[in-house]
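These are the residues of each chain, in order.
Protein chains: 2
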Amino acid sequence: MLSPCDGAFLQALEATLPEGTLRPADDRYLSEPRGRYRGQAGAVACPASVDEVSAIVSAAQAARVGIVPYGGGTGLVGGQVMTGGPAPLLLSLERMNALRLIEPEGGVLVAEAGCILAEVQAAAEAADRLFPLSLGSEGTARIGGLLGTNAGGTGVLRWGNMRDLCLGIEAVMADGRVMHGLKRLRKNNMGYDLRHLLIGSEGTLGVITAASLRLFPRPARTGAAMIVVPSPQAALSLLALAQARLGEGVSGFELIGGQGPRFLSEVMPEIRQPFAQIPDWMVLVDLGLVASLDPAAELEALFGDAAEAGLALDGVIASSEAQRAQFWRLREAIPEANRKIGAVASHDVSLPLAALPDFIDRAGPALGALGDMRINCFGHVGDGNLHYNVFPAPGKSRDAYEALRPQVIGTVHDLVHSFGGSVSAEHGVGRLKTADLQRYVDPVAVATMRAIKSALDPAGILNPGAVLGG
Amino acid sequence: MLSPCDGAFLQALEATLPEGTLRPADDRYLSEPRGRYRGQAGAVACPASVDEVSAIVSAAQAARVGIVPYGGGTGLVGGQVMTGGPAPLLLSLERMNALRLIEPEGGVLVAEAGCILAEVQAAAEAADRLFPLSLGSEGTARIGGLLGTNAGGTGVLRWGNMRDLCLGIEAVMADGRVMHGLKRLRKNNMGYDLRHLLIGSEGTLGVITAASLRLFPRPARTGAAMIVVPSPQAALSLLALAQARLGEGVSGFELIGGQGPRFLSEVMPEIRQPFAQIPDWMVLVDLGLVASLDPAAELEALFGDAAEAGLALDGVIASSEAQRAQFWRLREAIPEANRKIGAVASHDVSLPLAALPDFIDRAGPALGALGDMRINCFGHVGDGNLHYNVFPAPGKSRDAYEALRPQVIGTVHDLVHSFGGSVSAEHGVGRLKTADLQRYVDPVAVATMRAIKSALDPAGILNPGAVLGG
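These protein sequences, in sequence, are chains A and B.
For the first sequence, position 59 (counting from the first letter as 1) is numbered 59 according to the UniProt record's numbering, and the numbering increases by one without interruption.
For the second sequence, position 355 (counting from the first letter as 1) is numbered 355 according to the UniProt record's numbering, and the numbering increases by one without interruption.
Excised from the complex, chain A in its bound form:
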């Protein structure tokens, strides 16, 4: 049983930390992007060094006070907000935002957990390198949270998830000890891979304080096209065609169902639409090529082949970086439009590539049987990752569907599971999907996770209730 983060605990802790480290938990720390939960906390600790993190965790361990590690606050599954139980201490890494090292020729940088993703991207670019993680919240999300949740985004197809981009981590374990693991190595087979265990554990096994991250050569030339496809199956065949022609040169491949652009024209008419008539399905193909290949010519040739094979019905090839940015702006604006419309339920699912078209074919009718709803299906189709979001019928309010919500979610998740998919592709479990983890993940795997949690955090102070539930 945990104790609350109360005045006595804070007073004792404050004496051991530099002034200003402990702060009141103001509103921004207690809300989350979708407004579904409101958290609580006794205070926010903002340490400036790994030693201070160690002191804070040690004190919390001694007093059995829960700690909620806090990054940029952009998580969508409630991993950063604890709504019930004894009030925890929020541990924000925002002041640990130093770039400790950048080695362009070694292809690595070392960033503290509080670094904002966009700043890391910019530092890499300034050194003529690429840090390829890219996602909508990159201006706010921090490295620690991105690692804790193994974030994905639009570059995964080519460069992998956050875990694939990390060579080493420094972390504070539940007993306050510091695990020094900032190796800058491509290969290291000295024992169990604790880096991969901590990445994606959402702050429940340790607090990541810094990481060494991989940098890549910047593609010499970039290009993009929006291509209308007759179906999701055609989108996958188009991807195979593109990769057969261009290999890793295909940097991004996003499926966009018609509902997204229709929402945009309704609530964000300033977003430029590439086609006069919104198509049912289109894909955004993004290329990053070597200097000797011309992206526009390659896209034209790809489109030609695709059209001949019946995989492409129409297309626009970006004639400039500005137009490429416009295509991406449309893609990135879809979640904003979704928020303005107000979803009944949002799903972040992944499927084996071969099962993806079947899933889409069957999910619509299954939801239709529950009621009249609109579906916005889009996402990182090359990774088998769909954001499958469900909205009220035109003219109806979200509130009218609140009672249906559990059934909607259950229907989508059961179907995903039946195809061997995952009900959290890239957002994590947090507190939103703890019941899903019990329901859909192999019971031996869940028991193994529990055994690891008990071994590494026996008192359960680290992000209580996240991932494995209460």
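Rather than coming from a laboratory, the hints here were simulated on the basis of the structure.
Heads up, the beta-carbon is just placed ideally off N, CA and C, and yes, glycines get one too.
Certain hints may be false.
[As the list claims (entries may be wrong)] From the structure, some residues in chain B lie toward chain A, with a derived Cβ separation under 10 angstroms: (1) N188; (2) P230; (3) V441.
[Said to hold, decoys possible] Far from chain A, by Cβ distances over 12 angstroms, these chain B residues were calculated: (4) P4; (5) G35; (6) R262; (7) I341; (8) G382; (9) P392.
Start from chain A and add chain B according to the hints.
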């Protein structure tokens, strides 16, 4: 304390298994490639299904009998041979060698642990896909062992280690329960990543019985060159140049010190040498390009730029696949030549790329201070991974150096560690490097590994003594 795998245990176990599952432990299971250890075992179990593996592990758990999981027997660190303590049961996965599924369009296959790597490569090729793990022992090494040790090889630069190629695993845990995790997903953030924990744990946390593996498009065109470089630093600069020009098209980049070719000319004169005079340093550059790029032309252009920058002194570009194969034959023959010469000590180390030239500069003199020795330094330089092997001076026997051996190893490993490197890049810890793990790995990390081992295998039956020692 474990019990020996004795007659009573075997008799009881035999009654629960199909006839022929238990076999005598003949010599091939008890030796290892470098002939440094000889193992012992009460018997070898060769189950044909995951249920039989489960029954065997359950029985061993109940009787507290140690189990040594056995793949192809090619490991170089003694992970597969238990030399002391109560005789274990060897658990060979060789009969679990079915390819359960191949989905070329989904980019995935599911292979049982006993599949031989070369067979998996061939199955992928037959489906016009690439399974890119490639290493010298690919005709013998099995998928389970390759996962257990997170094997590397020559394709890591472009496609990653074995762990990067695995999407999911099925494993039998220490209590005999089966963990069903054969997901075929690119993205899955549902809880702790147990796949990455089991991969590289060398059979000490669970017995991997099957895996879903990633397939890739086959590069349309391939090419290779041998390029003489003035120094290891120049090799790294040449790699950066090649990657800036060709991105992921650089599929392999191997450094070859002069000693390897000199050994070849001495003990394997049938191997064709690319240069009349053996150079001190050369690199094997391997390309896998898209159809619209010509490998020979790209290599010529690369060589021209490199020569101008002082990074290339001489070069041969393969004019055919046969010549490319010849280049690779030379590279792959070096370990064979090493065995014929007889090493004082072999090291599988990795370094931050930026530190690699300094390491090479300093290691030679440090060893020279110990005695008169020859050094064969070669390896996957793009991964920072060197096989840094030490040999007797000409005319001297390996036995004369036996007393020096610990000092040689200590000197190399201490130097690697001082540069932030790893003393096992791709071979693992096994039983050979358990003391190194205690010495060089962060103590909090080691304590965390022990806590995990105790939680998942409290009786210590799985590969006793490997990785974490006795």
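- [ ] May I ask which of the numbered hints given earlier this structure violates, with the numbers listed in increasing order?
- [x] Result: hints 2, 8 break, sorted rising.
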